[in-house]
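Engineer: Sequence:
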Amino acid sequence: MRNAWWIFRLIPVKKIYKIGQAFKKHPEEAKEKYIQIVECDMRKVKQLEARGMDKSDGLQSYANELFRAVLPSIFQESGAIYFVILSMFNKLDAKRREGKTEKIRSEYDALCGGYEGDELMEMNIEMHRLATRLPESIWDEYDHEDLHELADRVKDNLDRKISDLPQEFLDEWKTFMDHFGFDGKDQLFLSSPRYADSPEILLGKLRQNVGAGVKDPAVTQQEQVAKRRNVMKLHEQRAKAKRYVKPFALSKVRKRNLYLDHLMWMRNAPKLHIAYIFGVLRAEVLRVEDHMLAEGRLEKEGDIFHLDLAEVDMALSDESFDAMEIIRPRKIIHERAMRATICPLLIDSRCRILKPDPPVFKEDHKEGSLIGAAVSPGVASGRVRIINSPDERFETGEVLATVVTGPAWTPLFVGASAVVLQIGGVLQHGALCAREYGKPAVSNIDVHAELKTGMMVEVDGNTGVVKILEGVDE
Numbered sequence: 001m002r003n004a005w006w007i008f009r010l011i012p013v014k015k016i017y018k019i020g021q022a023f024k025k026h027p028e029e030a031k032e033k034y035i036q037i038v039e040c041d042m043r044k045v046k047q048l049e050a051r052g053m054d055k056s057d058g059l060q061s062y063a064n065e066l067f068r069a070v071l072p073s074i075f076q077e078s079g080a081i082y083f084v085i086l087s088m089f090n091k092l093d094a095k096r097r098e099g100k101t102e103k104i105r106s107e108y109d110a111l112c113g114g115y116e117g118d119e120l121m122e123m124n125i126e127m128h129r130l131a132t133r134l135p136e137s138i139w140d141e142y143d144h145e146d147l148h149e150l151a152d153r154v155k156d157n158l159d160r161k162i163s164d165l166p167q168e169f170l171d172e173w174k175t176f177m178d179h180f181g182f183d184g185k186d187q188l189f190l191s192s193p194r195y196a197d198s199p200e201i202l203l204g205k206l207r208q209n210v211g212a213g214v215k216d217p218a219v220t221q222q223e224q225v226a227k228r229r230n231v232m233k234l235h236e237q238r239a240k241a242k243r244y245v246k247p248f249a250l251s252k253v254r255k256r257n258l259y260l261d262h263l264m265w266m267r268n269a270p271k272l273h274i275a276y277i278f279g280v281l282r283a284e285v286l287r288v289e290d291h292m293l294a295e296g297r298l299e300k301e302g303d304i305f306h307l308d309l310a311e312v313d314m315a316l317s318d319e320s321f322d323a324m325e326i327i328r329p330r331k332i333i334h335e336r337a338m339r340a341t342i343c344p345l346l347i348d349s350r351c352r353i354l355k356p357d358p359p360v361f362k363e364d365h366k367e368g369s370l371i372g373a374a375v376s377p378g379v380a381s382g383r384v385r386i387i388n389s390p391d392e393r394f395e396t397g398e399v400l401a402t403v404v405t406g407p408a409w410t411p412l413f414v415g416a417s418a419v420v421l422q423i424g425g426v427l428q429h430g431a432l433c434a435r436e437y438g439k440p441a442v443s444n445i446d447v448h449a450e451l452k453t454g455m456m457v458e459v460d461g462n463t464g465v466v467k468i469l470e471g472v473d474e
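First residue of the sequence shown? That's 1 in the numbering used here, and the numbers climb one at a time after it.
Quick caveat, the hints were computed from the structure, so don't treat them as lab data. Glycine is no exception: its CB is placed at the ideal position from the N, C-alpha and C atoms. Hints may contain errors.
Claimed, not checked - Derived pair list, reagent style DSSO-like, types lysine-lysine, alpha-carbon separation capped at 30 Å: (1) Lys227 / Lys242; (2) Lys103 / Lys18; (3) Lys14 / Lys24; (4) Lys452 / Lys95; (5) Lys55 / Lys15; (6) Lys300 / Lys31; (7) Lys242 / Lys103; (8) Lys91 / Lys103; (9) Lys271 / Lys100; (10) Lys18 / Lys46; (11) Lys14 / Lys31; (12) Lys31 / Lys331; (13) Lys31 / Lys155; (14) Lys103 / Lys14; (15) Lys185 / Lys155; (16) Lys44 / Lys24; (17) Lys55 / Lys24; (18) Lys271 / Lys174; (19) Lys91 / Lys255; (20) Lys185 / Lys271; (21) Lys100 / Lys227; (22) Lys161 / Lys174; (23) Lys14 / Lys33; (24) Lys25 / Lys185; (25) Lys155 / Lys255; (26) Lys44 / Lys55; (27) Lys271 / Lys95; (28) Lys33 / Lys55; (29) Lys300 / Lys95; (30) Lys255 / Lys46; (31) Lys55 / Lys31; (32) Lys174 / Lys18; (33) Lys100 / Lys18; (34) Lys25 / Lys174.
What the hints assert, rightly or not - Label-pair distances were calculated between CB atoms; the ranges are: (35) Arg350 / Asp446: 20 to 28 Å; (36) Gly99 / Asp152: 48 to 56 Å; (37) Glu392 / Arg350: 31 to 39 Å; (38) Ala310 / Leu71: 20 to 28 Å.
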């Protein structure tokens with residue numbers, strides 16, 4: 001309890017609360033101030049990235065410098081999210097799910113998406129743009145498993161060893177890497193590869209953005225924005241018409257509309273900014289690892305990630321420090337954990353794994369229908385592909401089925417016909433992303449138990465029903 005209290009004391013709650021109230025009272029002015037703060041913080045991080053770690057101070061000190069550089073941005077985002085965005089989104093979602101008529105539910109669904117300025121969406125728009133700069137004939141030369149060969153080809157072109165890729169693609173590749181090279185799989189883990197050090201991961205995601213049936217996410221975003229603003233305008237007109245009966249309704253709608261236009265796009269910002277810090281820190285850790293490998297103090301690439309930053313600093317300052325003595329037993333535990341096929345959410349005092357009750361079929365749904373939670377509207381059919389990692393093979397037109405998604409999964413939504421999740425409510429990444437891309441999505445389905453790769457299913461994001469149209473041979 002004391003530990004929890006001390007952690008709580010480290011959070012400047014009063015400061016964050018004041019920031020939140022500023023966003024609440026004057027959202028447009030607070031947004032402009034926030035943008036200036038972010039630009040200032042990102043310049044500081046760029047300077048630290050260019051300077052690198054001070055060898056006399058070590059990795060821990062460098063990590064602290066990086067995180068201190070972005071704290072002003074994080075405080076701003078925390079104030080906006082916790083004191084404005086979350087409460088408003090919960091109200092919108094309640095209307096989206098429980099509105100008295102289909103029209104009301106549809107209107108509030110439109111208000112839950114289409115936010116310009118979302119950094120994650122901007123990244124994926126740029127990703128689609130980059131993918132289309134490479135002719136489809138070149139993409140057709142490589143299967144998913146061969147993308148490391150394309151990565152080598154890109155590098156050779158950038159190094160001017162060969163010249164067989166469009167210069168426009170190479171120029172945009174460099175720009176994308178400069179802006180988003182920190183991103184990758186599981187961004188908040190230092191051990192997870194990034195686009196900058198593992199470009200085949202980026203190429204795998206770019207590949208999802210080409211081919212027939214793939215819609216430009218910039219077009220989808222503009223459609224969603226227009227849809228949302230039409231509903232905002234409609235609600236304002238209704239409030240005006242009833243201003244003598246409900247005198248405060250118009251001001252409330254206008255204030256809500258200001259939040260939708262100026263604040264909702266911030267929801268992904270904290271994670272992306274922290275992911276950027278982790279990406280910069282990872283690059284420095286990899287340089288240290290190369291040095292220790294050359295000295296024979298590590299056995300394999302990746303060994304350094306079984307040490308914490310303090311232990312790495314000890315190894316750098318003391319040549320007699322035996323890092324592998326610490327690493328070997330930890331690797332055994334890690335490798336055993338990686339072989340596990342499930343990660344239980346709940347375990348009782350007798351070590352029994354607790355699972356949700358099996359789906360309950362409604363009277364109007366036949367056997368073979370799975371009942372989940374509707375988190376993004378629409379109806380679509382396709383072949384299921386169950387994947388556990390965003391860098392696994394996934395083909396355009398398939399139904400993306402997985403336990404849970406995060407920002408690294410976003411490019412897969414471009415080509416997916418629909419999305420089925422095991423975990424996640426309306427505010428979870430998968431639901432938010434599905435709505436931004438206009439993809440039907442259903443959550444609360446035990447994907448590994450109820451579905452199999454290759455099944456033909458219909459996903460109804462309006463009702464939360466996943467109908468199995470065609471099974472697969474065992």
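Engineer: With the threshold set at 30 Å, check whether the alpha-carbon distance from Lys25 to Lys174 stays at or below it.
Structural biologist: violated (41 Å)
Engineer: Tell me if the straight-line CA distance from Lys100 to Lys227 falls inside 30 Å.
Structural biologist: holds (21 Å)
Engineer: If you draw a straight line from the CA of Lys155 to the CA of Lys255, is it 30 Å or shorter?
Structural biologist: Given pair Lys155, Lys255 is violated - Cα atoms ~50 Å apart, limit 30 Å.
Engineer: Sort out whether Lys103 lies within 30 Å of Lys91, counting only the CA atoms.
Structural biologist: holds (17 Å)
Engineer: Given the hint that Lys14 pairs with Lys24, test it: the Cα-Cα distance must not exceed 30 Å.
Structural biologist: Within the cut-off at roughly 15 Å; holds.
Engineer: What's the verdict on Lys255 and Lys46, does the C-alpha distance respect the 30 Å limit or exceed it?
Structural biologist: violated (36 Å)
Engineer: Are the Cα atoms of Lys31 and Lys155 separated by 30 Å or less?
Structural biologist: violated (39 Å)
Engineer: Does the alpha-carbon distance linking Lys18 and Lys46 stay inside the 30 Å limit?
Structural biologist: The given pair, whose Cα atoms are some 29 Å apart, holds under the 30 Å limit.
Engineer: Next pair to validate is Lys55 with Lys31; report whether the Cα-Cα distance is within 30 Å.
Structural biologist: Measuring from Cα to Cα gives roughly 38 Å; hence the hint is violated.
Engineer: Straight-line Cα separation of Lys103 and Lys18 no greater than 30 Å?
Structural biologist: Outside the cut-off at roughly 37 Å; violated.
Engineer: Are the Cα atoms of Lys44 and Lys55 separated by 30 Å or less?
Structural biologist: holds (19 Å)
Engineer: Are the Cα positions of Lys33 and Lys55 separated by 30 Å at most?
Structural biologist: Outside the cut-off at roughly 36 Å; violated.
In summary, the structure is inconsistent with hints 2, 4, 5, 6, 9, 12, 13, 14, 17, 24, 25, 28, 29, 30, 31, 32, 33, 34 from the numbered list given earlier, while agreeing with the others.
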